[in-house]
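Asks: Sequence:
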Amino acid sequence: MANVMEIYQLLPKTNCKECGKSTCMAFAVDLLARKFKVEDCAPLVREDKYRENYQKLSEMVTPVGDVTETGLIVHEDKCIGCGNCVVACPVNVAADPTGAGSGKAPTCDRIILKVEDGIVRAMNVQECRRFGENKILCVACIDTCPTKAIEFV
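At position 149 of the sequence shown the residue is numbered 143 (this note's numbering), and the sequence of numbers has no breaks.
There's no promise every hint is true.
Said to hold, decoys possible - Each pair of labels, with its calculated beta carbon distance range: (1) 110 / -2: 31 to 39 Å; (2) 19 / 96: 38 to 46 Å; (3) 40 / 102: 47 to 55 Å; (4) 41 / 70: 32 to 40 Å; (5) 52 / 133: 23 to 31 Å.
Source of the hints: derived by calculation from the structure; they are not laboratory data. Quick caveat, the model's predicted, so the values are computed rather than measured. Glycine residues also receive a C-beta, built at the ideal position from the N, C-alpha and C atoms.
Construct the entire structure; sequences and hints are all you get.
Replies: Written out as C-alpha cells, the structure reads:
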C-alpha cells in the first residue's frame, strides 16, 4: 500500500490549487483516502513532463470501485492464498474457532475472510471490527499478509 509521502513525491509540488486543495501535500492525503482521483491534478494531466509520474500514480492508487463498505481491498494480483489473514482475523477466530480460526476449512458462514480458488475473498464485511458503531482500528489481516495484498482505505 502506498503512503502519503510516496504519493506526494510523484506530484508536481507546485501548490497550484487547481484541484481545490491548498497544497500538493493536502491533495496527496485526499488521494490516498480516495477522495480524489489522479486525474484531479491538472498539471499531471496536461503537462508532458509529469507523464511518467501520472502513470506511476495511476497504478499506485486503486479505484474506489474495488473497495468494500469497510474500506477493505484485496488485491487479487498480489494474493497468494496463504490464509494468514483468515487465521489472524479476530472475528473469524471468534465466529469459527475450530474451523477458520484454527487454520482449517471454515465450518460456518459468519467469517469475514475466506480462501476460495487460491485467493482471499471478503464476505460479511459488516461484521468486521472496522465497521459499525463500535468500530476499532484492527489491522490483523494486514499485518499478517506477506505480500501486502490487503489494505484499508
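Asks: Indicate, hint by hint, whether the structure satisfies it.
Replies: Here is what the structure says about each hint:
1. 110 / -2: 31 to 39 Å: With a Cβ separation near 33 Å, residue 110 and residue -2 satisfy 31 to 39 Å, so the hint holds.
2. 19 / 96: 38 to 46 Å: About 45 Å separates the Cβ atoms of residue 19 and residue 96, which means 38 to 46 Å holds.
3. 40 / 102: 47 to 55 Å: holds, 53 Å
4. 41 / 70: 32 to 40 Å: holds, 34 Å
5. 52 / 133: 23 to 31 Å: holds, 26 Å
Hint violations for this structure: none, all hints satisfied.
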